[in-house]
Amino acid sequence: MKKFLAMILALAMVFALCACGNSAAPAESAAPAEESAAPVEESAAPAEESAASDIKVGFIFLHDENSTYDLNFINGAKEACAALGLSEDQFIFRTNIPEGQECYDAAAELADAGCSIVFADSFGHEDYMIQAAKEFPEVQFCHATGTKAHTEGLDNFHNAFASIYEGRFLAGIAAGLKLNEMIENGEFTADEAKIGYVGAFTYAEVVSGYTSFFLGARSVCPTATMEVTFTGSWYDETAEKEGANKLIANGCKLISQHADSMGAPTACETAGVPNVSYNGSTVAACPNTFIVSSRINWAPYFEYIVNCVLNGEQIAADWTGTVETGSVVLTEVNEQAAAAGTVEAIEEAKAALADGSLKVFDITTFTVGGAALDSYMADVDTDPAYTGDTEVVADGYFHESEFRSAPYFDVQIDGITLLDQAF
Amino acid sequence: MNKQNQGPLVHIVKRGALPWYCAWGIRAAAIVLALLACALVTTLLTGEDPIQIYATMIKGAFGTTRKVWILFQNIAILLCVSLAVTPAFKMRFWNIGGEGQVLIGGLATAACMICLGDKLPNWLLICTMVAASIAAGAIWAVIPAIFKAKWNTNETLFTLMMNYVATQLVAFFVILWEVPKGAGKIGIINQSTEAGWLPQIGDYKYLLNILIVAALTILMYVYLNYSKHGYEIAVVGESERTARYVGIKVEKVIIRTMLLSGAVCGIAGLLLVGGTDHTITTTIANGRGFTAVMVSWLAKFNPIFMIFTSFLLVFLDRGASEISTVFGLNQSFADILTGIILFFIIGCEFFISYKISFRKSARKEGKANV
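Taken in sequence, the protein lines are chains V and H. Quick note on the numbering used here: the first sequence kicks off at 207 and runs consecutively. Quick note on the numbering used here: the second sequence kicks off at 6 and runs consecutively.
No wet-lab data here; the hints were simulated from the structure. No experiment lies behind these values; they were computed from the predicted model shown. It is possible that some hints are incorrect.
[Unchecked claim] Beta-carbon label-pair distances, calculated as ranges:
(1) V:359 to H:73: 42 to 50 Å
(2) H:231 to V:359: 54 to 62 Å
(3) H:173 to V:359: 53 to 61 Å
(4) V:513 to H:207: 35 to 43 Å
(5) H:335 to V:538: 26 to 34 Å
(6) V:549 to H:197: 36 to 44 Å
(7) H:23 to V:491: 55 to 63 Å
(8) V:513 to H:56: 57 to 65 Å
(9) V:513 to H:355: 53 to 61 Å
(10) H:347 to V:557: 58 to 66 Å
(11) H:288 to V:592: 21 to 29 Å
[What the hints assert, rightly or not] Rough simulated footprint, nothing fancy, chain V against chain H, three-plus residues with beta-carbon under 8 Å:
(12) 181 to 194
(13) 284 to 293
(14) 324 to 330
Positions of the beta carbon are idealized from the N, C-alpha and C atoms, including for glycine.
Could you build all of it, start to finish, from the sequences and the hints given here?
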């Protein structure tokens, strides 16, 4: 018995030794790989064709495909990699990377693995990406939803977002038409047309989102008002469900949300209240109440950054996707729940946005504290005191996402009531 | 056969103390069996080659110099929390509040960095951070200890509750200090000035943390095994009445030990916030307060063995994340493998304490046949 155990122990030790031996080799070979990454990039400009097969892209995701937010990025990344003809070993997905030192570690490991572009998808990743960007000047670090690229002054750190407020505005039109239809059907009076909105935090991205959604709805249903509640989390199914139920109990006739779980849509389906969704279609789970959803398609951005690196061009410090770039998209309208003529109305508004005759934050369409918003200093350059530093109202409208890609519209306009502001 | 005069086919007997090599042999066998079980599950569920999966796990932990550093950094932090809870466990005081004590230590560190970052010279700031984090962790741990000592409250529930209070406190301050407004994130504190960042030794980001924890490990080993305090802890743990009988002030020992336990947790918070992450979030402890319970128990409260058990757990975790990356498998699959391996390792402790005896006659017959 003892001999047998001793043998097993010896075997285990041999295994362990083999393991160490094996691992030593890649550790040494990693260094040359890193060095060789730089020449690849330099040679990218003259020899475009061959470079496409050398490029490697690393993606860092906060969660995995179970989160609608990350799923949207993962799908975009897959779509872009397929469109660019990248092979399996030319992109690496790192999922479930928290917003802490782990993000820096993951970014550095991806750079070690020979990636010439590293992308991260969550707001809290930003500072750690900057840290990695300082250390690997030859690697391009791209970050969605961040705010610091334009002030950080690094050549290899870039922010991206999309003018999702335009998508929200278009979705708002669908919501307004639905309210009109319900008023016409005598379900409630015009004065009772109240929208409910479940937000995550009182963050500019959320404020910009619900305001543009509300302005879209009010552009077709002038008596509309809105109530907003916040959950204090980007993903909290229970809190989002409770938030939606609270709004419905308060007399809201239509719900939309800016949070990443199915909480609000399912609450709407149960209560039979129409819902305008975000991040993707929820029609499968909510066939009777889902109207339409706006989302950001990240594939155009991914294609853009890969092409920049292939062609040896500088990636923009702030890149804002629009309806034209195909970054801001609406899902198919669910005819079963939507009002008649929704598709046509959306198309019409989309055309007007494209030719510039329609502005989402047109200062004649909303008031703040009873007065028009003639001037506003937004906190574009992020600082701990939230100092307003840039005049963003000009030519009769609020210039959203023009001075940096991430939204900075954080004004509380009349007609929208915040039920709580704890977060 | 003559069934009437036979005992049960199998019965379980408590073993005497096994020689160390036997005990470790059983553990090694358990790991081999666990790997076989994992291989089976892997092939059945995913169709991937199990050998490749194991190779990937090893590569995930040791593949590059950076990965090795990250591995040791993670071991250091987990070991630090495990060291912290160990004296309490040895005293049979179920401190499952490590999570909260780390968080509150981290919160104190972050508070110093944010509020005093531009007011104090760096060396003084770091001294303040050290003092604040140790004090915060110690206070968080001593509250349940005082209640236990004075009124014999249930320390398991109490320390658990303190975790939630700490998490909510951190959540509150995150909203207070968030940048930009409404983001719900603090971001890296003093990224430009690096005020309050623990110094970096040479090019090695994580070396300081590793050295500090190595020193703590030795100190804790000496404290538990060769000091009067350590002896008192052991006696209180074995039997409170004996302790009272020989004149040990049990209340005093409980409070003193929990102060120590919390203080070391505070240091873990300091290393996380001041040393590596430079931010505070509600999830910064990442469940280590609970994982530490397993590290400590698997190592039988021996700080030196805890190096190996924390290595094992961190290795599994790092390997698991590499598997999900390389094979495109869901993280949950890697967790299944970790679960299987831990099941075998914990299960094998049973075979170290007990042996299974088969019916004697059956054995004799067996031998006769051979």
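Quick rundown of the hints versus the structure:
1. Here the CB-CB span from residue 359 of chain V to residue 73 of chain H is close to 33 Å, at odds with the stated 42 to 50 Å.
2. At about 55 Å, the beta-carbon gap between residue 231 of chain H and residue 359 of chain V stays in the expected band of 54 to 62 Å.
3. Checked against the hint of 53 to 61 Å, the C-beta distance between residue 173 of chain H and residue 359 of chain V comes to roughly 38 Å, which is inconsistent with it.
4. Between residue 513 of chain V and residue 207 of chain H the C-beta distance comes to about 39 Å, which sits within the given range of 35 to 43 Å.
5. Taking 26 to 34 Å as the suggested C-beta distance range, the pair residue 335 of chain H and residue 538 of chain V conforms, at roughly 29 Å.
6. Look at residue 549 of chain V against residue 197 of chain H: about 50 Å separates their beta carbons, and that is not inside 36 to 44 Å.
7. Checked against the given bound of 55 to 63 Å, the beta carbons of residue 23 of chain H and residue 491 of chain V, roughly 56 Å apart, stay inside it.
8. Against the hinted window of 57 to 65 Å, the Cβ-Cβ separation of residue 513 of chain V and residue 56 of chain H comes to about 39 Å, which falls outside the hint.
9. In this structure the supplied range 53 to 61 Å holds for residue 513 of chain V paired with residue 355 of chain H, their Cβ-Cβ distance being about 60 Å.
10. At about 60 Å, the beta-carbon gap between residue 347 of chain H and residue 557 of chain V stays in the expected band of 58 to 66 Å.
11. In this structure the supplied range 21 to 29 Å holds for residue 288 of chain H paired with residue 592 of chain V, their Cβ-Cβ distance being about 25 Å.
12. Counting residues of the stretch 181 to 194 of chain H whose CB lies closer than 8 Å to any CB of chain V gives 10, so the stated coverage by that chain holds, three being the minimum.
13. By the rule of at least three residues with a Cβ nearer than 8 Å to a Cβ of chain V, the coverage given for the stretch 284 to 293 of chain H holds, with 5 such residues.
14. Figure legend: the stretch 324 to 330 of chain H, annotated as covered by chain V; annotation consistent (3 residues with Cβ-Cβ distances under 8 Å, at least 3 required).
Figure legend: structure checked against the earlier numbered hints; hints not met, in rising order: 1, 3, 6, 8.
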